[in-house]
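Number of protein chains: 4
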Amino acid sequence: MINTQDESPKHQLKLERVGIKNLKTLIKIERNNKEYMHIPKINIFMDLTEDKKGVHMSRFIESITEILEDEVRGEHNSLEQIGKHILEKLKVKHSYISAEIEFESEIPLFEITPVSKKDTIEIHDIKVSLRNNNGSWIKILEVSVIGNTACPHALAVNKKGTHIQRAIGNLRIETDFDNDIDLEEMIRVVDNSFSSRVFTLLKTEDESFVVDRMHNNPFFVEDVCRNMLSLSFSKFKKSKIHAECLSQESIHRHDVFAEGAIET
Amino acid sequence: MINTQDESPKHQLKLERVGIKNLKTLIKIERNNKEYMHIPKINIFMDLTEDKKGVHMSRFIESITEILEDEVRGEHNSLEQIGKHILEKLKVKHSYISAEIEFESEIPLFEITPVSKKDTIEIHDIKVSLRNNNGSWIKILEVSVIGNTACPHALAVNKKGTHIQRAIGNLRIETDFDNDIDLEEMIRVVDNSFSSRVFTLLKTEDESFVVDRMHNNPFFVEDVCRNMLSLSFSKFKKSKIHAECLSQESIHRHDVFAEGAIET
Amino acid sequence: MINTQDESPKHQLKLERVGIKNLKTLIKIERNNKEYMHIPKINIFMDLTEDKKGVHMSRFIESITEILEDEVRGEHNSLEQIGKHILEKLKVKHSYISAEIEFESEIPLFEITPVSKKDTIEIHDIKVSLRNNNGSWIKILEVSVIGNTACPHALAVNKKGTHIQRAIGNLRIETDFDNDIDLEEMIRVVDNSFSSRVFTLLKTEDESFVVDRMHNNPFFVEDVCRNMLSLSFSKFKKSKIHAECLSQESIHRHDVFAEGAIET
Amino acid sequence: MINTQDESPKHQLKLERVGIKNLKTLIKIERNNKEYMHIPKINIFMDLTEDKKGVHMSRFIESITEILEDEVRGEHNSLEQIGKHILEKLKVKHSYISAEIEFESEIPLFEITPVSKKDTIEIHDIKVSLRNNNGSWIKILEVSVIGNTACPHALAVNKKGTHIQRAIGNLRIETDFDNDIDLEEMIRVVDNSFSSRVFTLLKTEDESFVVDRMHNNPFFVEDVCRNMLSLSFSKFKKSKIHAECLSQESIHRHDVFAEGAIET
Chain A
1 MINTQDESPK
11 HQLKLERVGI
21 KNLKTLIKIE
31 RNNKEYMHIP
41 KINIFMDLTE
51 DKKGVHMSRF
61 IESITEILED
71 EVRGEHNSLE
81 QIGKHILEKL
91 KVKHSYISAE
101 IEFESEIPLF
111 EITPVSKKDT
121 IEIHDIKVSL
131 RNNNGSWIKI
141 LEVSVIGNTA
151 CPHALAVNKK
161 GTHIQRAIGN
171 LRIETDFDND
181 IDLEEMIRVV
191 DNSFSSRVFT
201 LLKTEDESFV
211 VDRMHNNPFF
221 VEDVCRNMLS
231 LSFSKFKKSK
241 IHAECLSQES
251 IHRHDVFAEG
261 AIET
Chain B
1 MINTQDESPK
11 HQLKLERVGI
21 KNLKTLIKIE
31 RNNKEYMHIP
41 KINIFMDLTE
51 DKKGVHMSRF
61 IESITEILED
71 EVRGEHNSLE
81 QIGKHILEKL
91 KVKHSYISAE
101 IEFESEIPLF
111 EITPVSKKDT
121 IEIHDIKVSL
131 RNNNGSWIKI
141 LEVSVIGNTA
151 CPHALAVNKK
161 GTHIQRAIGN
171 LRIETDFDND
181 IDLEEMIRVV
191 DNSFSSRVFT
201 LLKTEDESFV
211 VDRMHNNPFF
221 VEDVCRNMLS
231 LSFSKFKKSK
241 IHAECLSQES
251 IHRHDVFAEG
261 AIET
Chain C
1 MINTQDESPK
11 HQLKLERVGI
21 KNLKTLIKIE
31 RNNKEYMHIP
41 KINIFMDLTE
51 DKKGVHMSRF
61 IESITEILED
71 EVRGEHNSLE
81 QIGKHILEKL
91 KVKHSYISAE
101 IEFESEIPLF
111 EITPVSKKDT
121 IEIHDIKVSL
131 RNNNGSWIKI
141 LEVSVIGNTA
151 CPHALAVNKK
161 GTHIQRAIGN
171 LRIETDFDND
181 IDLEEMIRVV
191 DNSFSSRVFT
201 LLKTEDESFV
211 VDRMHNNPFF
221 VEDVCRNMLS
231 LSFSKFKKSK
241 IHAECLSQES
251 IHRHDVFAEG
261 AIET
Chain D
1 MINTQDESPK
11 HQLKLERVGI
21 KNLKTLIKIE
31 RNNKEYMHIP
41 KINIFMDLTE
51 DKKGVHMSRF
61 IESITEILED
71 EVRGEHNSLE
81 QIGKHILEKL
91 KVKHSYISAE
101 IEFESEIPLF
111 EITPVSKKDT
121 IEIHDIKVSL
131 RNNNGSWIKI
141 LEVSVIGNTA
151 CPHALAVNKK
161 GTHIQRAIGN
171 LRIETDFDND
181 IDLEEMIRVV
191 DNSFSSRVFT
201 LLKTEDESFV
211 VDRMHNNPFF
221 VEDVCRNMLS
231 LSFSKFKKSK
241 IHAECLSQES
251 IHRHDVFAEG
261 AIET
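Protein chains in written order, with the working numbering: chain A, 1 to 264; chain B, 1 to 264; chain C, 1 to 264; chain D, 1 to 264.
Hint data in this document are derived by calculation from the structure and do not stem from the laboratory.
Treat the hints with care, since some could be wrong.
For identical chains, the list gives no copy identity; a pair is met inside one copy or between any two copies.
Stated by the list, open to error - DSBU-like mimics (lysine-lysine), calculated; alpha carbons at most 35 Å apart, straight line: (1) Lys118 <-> Lys14; (2) Lys41 <-> Lys10; (3) Lys117 <-> Lys34; (4) Lys235 <-> Lys93; (5) Lys52 <-> Lys84; (6) Lys240 <-> Lys203; (7) Lys159 <-> Lys84; (8) Lys52 <-> Lys235; (9) Lys127 <-> Lys159; (10) Lys21 <-> Lys240; (11) Lys14 <-> Lys240; (12) Lys235 <-> Lys160; (13) Lys24 <-> Lys127; (14) Lys118 <-> Lys93; (15) Lys118 <-> Lys235; (16) Lys28 <-> Lys160; (17) Lys127 <-> Lys41; (18) Lys89 <-> Lys203; (19) Lys127 <-> Lys14.
In isolation and in its complexed conformation, chain A is listed as follows:
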């Protein structure tokens, strides 16, 4: 049997990450008595030593596939847990020093509108990554949430009002695998860092509430970014916390941006 992958490469150089990008599959998660159905985009990588020409790519897929089949037994309650099982299974097939898996997906939150008290479903982008480096595990949780900024400088200098725009808040937490952090709580932190959080459904009275709130909380992207870090500080322990805010300016063609980090 021919095993081209195990041959010696022409240029004997170690590679940091070799694997698969943009694989899509179906994953079911049960968490807090709720069932989540994901069709995530998956990236999965491992290192490759200088003496091997290639990795056996089909083994990555097999590790994923076999774990997904095991899922019916109901043992997975988070994407990071499934990720850990996949990387453990991969370790048996491929002897790696470091490996990494990333899931990009969306989660729905069931919310109530602020004044009219109606049901509304809000969908947020999430990314869950897991890294194994020489046996130790690190997880990275990331949420990307839509909100807005109302410019405090324009509000201070103009009688008529200020400029307001959609903004995207990004919160990333790197921590130990066992440090239980909820994506919903991360989304809540970003929601509460904007001039106002936003809703898919807004009756007229809700819309007025949001408009008032934006004018009562005028924020630069720098403020939103610091709000995220400050709110995270008290909630997420033993973590590296990274926050970004991108504001799609209504008075410019370009965006404004702020980025910061703290450790807890």
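Chain A is already provided as a structure; the job is to place chains B, C and D on it using the hints.
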């Protein structure tokens, strides 16, 4: 010599459009004493009769390449003119009934800020298409311009102010090849249809001007769309005019949208 | 109460489509004893008469939200059926002449690899649209499927082999609401139109099967497009059928493309 | 005069990067007796101390604008040189510790087809970044080039041939500002690392040349990545070199990927 393309296909069906997508090249245009350098994305198609297995794709590229070489002789003053020469050259190589070429690019406009009177460069997305159907020529010019909407309903019901957001206006004009229409004039129409036009550079006094103007011209997407149609009506004769506005709501995760058309 | 939307607009022009774009929500479908969970991107539009300044955008969301709440009673077995209920509900709130709803989502198919007979999950992009024009309903079903093309001309003229590349097949069917057409069957048609269909998991023996099949079925994009139309002809009755193939050439930076249509 | 930006923020936290993203403008470069016209996407950032509420965003734009006006005097021969002048000008207006500018653009290369010896223009994506950290300058040059991979394992085990696909090679070099490295030479390295380089125009005899070359140089993504590192090793001195290859598999829906780095 083997000519697989000229063989008879298994399923003898006519195809409407066969060709090349997403080709990039370098094109130089001289117009109104200004020189424009484009690296457009080009799509080029023709119909294929039911008795031919395929088109000779390299002939498309050759038609483009040969015309671009001719350019040094300085005879082209618009993308549609280059497009016409390419489709004429293609007709000699490939006998088609209908053919089409599209150029997606950007153009820079040199502007002055509204109060501080400083220089600012504004870049806009454009698309120029040319269709030959049985010998007759139609051109389609399209500009996509960034501006904003300030909600008139929220302004009417709230004391604090309204919600404002970035919006994208899209104006498309279909007309005879010989009807000379300027992309800059189309951009001006879209600029003037928003609550306010926007600028890359804004000093504090310019920013106040734009903020005031947005509050003085509160528009729904429907208003922006009708403004574009109404302003176009008096400017662009003998044309099919199509207008769209997409507003990236600051109070929602989704966008709102309006689309309309008139004929002049 | 102020109703800015019902005021008379400055420019009294009818608009073809006014509504919401890129709204995301959670939808559960039961079909053929399988449960599908969608987080679709939804667009929803209606026409607007020349005497109304704007539409009440929140009524669109309410129509969607109220239908989704009704869903627990289990009466929906397709996205088009949910879409029909949403547009019917919208008709009560907003008196329109024409309206339209679009769902962009993904569906997972549970497949078996060709030789090793292992389980594999394949995810495909789908789009389901529904239009009401003056009371009559039309639905448009669309699938976008990944496969490949192996060039027959290069295979004929070269001893070493041919050039092969990833290709995307797009099949769209426009038909009466009551004409029951399965998205899975449409995906199967596209799969069978390529040089070979592809799989997420491929053991070495499966990979050889796919490589052989690509070389045994060398196709231009024109062939793939005609294959889709020809296979659709016998399967999908009383429909307008539109097929596209885009081939991401391995020997060029650009793509090649073919597009055709038939009516059954 | 109100200067909201200089007020003390509520949460006194230092921010790593504050600035502008996705700004587009027009830039002219003269280099090696050729004139390049860029419409780059520009990102520009600086750090923000914990005692300042915000940065003056318009000063970023002014720094860019003023430098671009100076350009007519003809002193710029690279994007990194313009970037350095912009960051120096920004330092005068804003006293930062670290700052960064990024230009994303495209460059055209004028090439000759391999057998038919015809002219062809090839467009490549580039990114040029410049960082100032406490007075010291680092530049990062990046090129993204399209080519292909022909699988060596499938070629070894199948009689009919192998699977081939489009691939994207990415080469990034981090080095001192004064280390003169040519983007064209970086593109050449990536071109020569694939199974074959590709061309926009290919006559039949050129196509055969490319098809042959792909079959004579079967490479995994790992091989392409190592080829880039190995070829760079001898060419680019005193640099951190980072290489990636993404292969858009023709037999799968997903991509395969390899990434590595060396220092010279």
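So, going through the hints one by one against the coordinates:
no. : hint              : verdict
1   : Lys118 <-> Lys14  : between (56 Å within a copy, 33 Å between copies)
2   : Lys41 <-> Lys10   : within (33 Å within a copy, 38 Å between copies)
3   : Lys117 <-> Lys34  : both (22 Å within a copy, 33 Å between copies)
4   : Lys235 <-> Lys93  : neither (39 Å within a copy, 38 Å between copies)
5   : Lys52 <-> Lys84   : within (25 Å within a copy, 42 Å between copies)
6   : Lys240 <-> Lys203 : neither (39 Å within a copy, 37 Å between copies)
7   : Lys159 <-> Lys84  : neither (56 Å within a copy, 39 Å between copies)
8   : Lys52 <-> Lys235  : between (45 Å within a copy, 25 Å between copies)
9   : Lys127 <-> Lys159 : neither (42 Å within a copy, 40 Å between copies)
10  : Lys21 <-> Lys240  : both (26 Å within a copy, 24 Å between copies)
11  : Lys14 <-> Lys240  : both (29 Å within a copy, 15 Å between copies)
12  : Lys235 <-> Lys160 : between (38 Å within a copy, 33 Å between copies)
13  : Lys24 <-> Lys127  : both (14 Å within a copy, 17 Å between copies)
14  : Lys118 <-> Lys93  : between (51 Å within a copy, 18 Å between copies)
15  : Lys118 <-> Lys235 : within (28 Å within a copy, 45 Å between copies)
16  : Lys28 <-> Lys160  : neither (50 Å within a copy, 40 Å between copies)
17  : Lys127 <-> Lys41  : both (9 Å within a copy, 19 Å between copies)
18  : Lys89 <-> Lys203  : between (50 Å within a copy, 17 Å between copies)
19  : Lys127 <-> Lys14  : both (28 Å within a copy, 26 Å between copies)
Hint compliance for this structure: hints 4, 6, 7, 9 and 16 are not met, and every other hint is.
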